[in-house]
Amino acid sequence: MELSFFSLRINCYTLTVIVQIKKIYTDFLRLKNFLILIKIQLYLL
Numbered sequence: 002m003e004l005s006f007f008s009l010r011i012n013c014y015t016l017t018v019i020v021q022i023k024k025i026y027t028d029f030l031r032l033k034n035f036l037i038l039i040k041i042q043l044y045l046l
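Letter 4 of the sequence shown, counting from 1, is numbered 5 in my numbering, and no numbers are missing.
Quick caveat, the hints were computed from the structure, so don't treat them as lab data.
Don't take every hint at face value.
[Unchecked claim] Straight-line C-alpha distance at most 30 Å; calculated DSSO-like pairs for lysine-lysine:
| no. | residue 1 | residue 2 |
| --- | --- | --- |
| 1 | 23 | 40 |
| 2 | 33 | 23 |
| 3 | 40 | 24 |
[Stated by the list, open to error] Here are the in silico distance ranges between beta carbons for each label pair:
| no. | residue 1 | residue 2 | range |
| --- | --- | --- | --- |
| 4 | 19 | 42 | 28 to 36 Å |
| 5 | 44 | 10 | 47 to 55 Å |
| 6 | 45 | 7 | 34 to 42 Å |
| 7 | 45 | 8 | 54 to 62 Å |
| 8 | 46 | 8 | 51 to 59 Å |
| 9 | 46 | 10 | 25 to 33 Å |
| 10 | 41 | 12 | 37 to 45 Å |
| 11 | 3 | 43 | 38 to 46 Å |
| 12 | 4 | 40 | 49 to 57 Å |
| 13 | 36 | 12 | 30 to 38 Å |
| 14 | 11 | 31 | 53 to 61 Å |
| 15 | 40 | 5 | 32 to 40 Å |
| 16 | 10 | 43 | 47 to 55 Å |
| 17 | 15 | 45 | 26 to 34 Å |
Note that the coordinates shown come from a computational prediction; the quantities given were computed from them, not determined experimentally.
Where a beta carbon is used, it is the ideal one built from N, C-alpha and C, also for glycine.
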């Protein structure tokens with residue numbers, strides 16, 4: 002009983018961490034795309 006509860010908590014924690022990493026990765030990709038757009042704009046000037 003206690004073991005399953007413990008593993009459930011670990012699963013929740015793991016899920017939270019995965020979600021956070023995905024969020025950070027998405028933000029990173031967005032930033033990268035934004036920087037690429039800025040570079041293109043600078044080249045066009």
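Now for the hints, and whether the structure bears them out:
| no. | hint | in the structure |
| --- | --- | --- |
| 1 | 23 to 40 | holds (26 Å) |
| 2 | 33 to 23 | holds (15 Å) |
| 3 | 40 to 24 | holds (24 Å) |
| 4 | 19 to 42: 28 to 36 Å | holds (35 Å) |
| 5 | 44 to 10: 47 to 55 Å | holds (51 Å) |
| 6 | 45 to 7: 34 to 42 Å | violated (57 Å) |
| 7 | 45 to 8: 54 to 62 Å | holds (55 Å) |
| 8 | 46 to 8: 51 to 59 Å | holds (57 Å) |
| 9 | 46 to 10: 25 to 33 Å | violated (54 Å) |
| 10 | 41 to 12: 37 to 45 Å | holds (43 Å) |
| 11 | 3 to 43: 38 to 46 Å | violated (60 Å) |
| 12 | 4 to 40: 49 to 57 Å | holds (53 Å) |
| 13 | 36 to 12: 30 to 38 Å | holds (36 Å) |
| 14 | 11 to 31: 53 to 61 Å | violated (31 Å) |
| 15 | 40 to 5: 32 to 40 Å | violated (52 Å) |
| 16 | 10 to 43: 47 to 55 Å | holds (50 Å) |
| 17 | 15 to 45: 26 to 34 Å | violated (45 Å) |
Hint compliance for this structure: hints 6, 9, 11, 14, 15, 17 are not met, and every other hint is.
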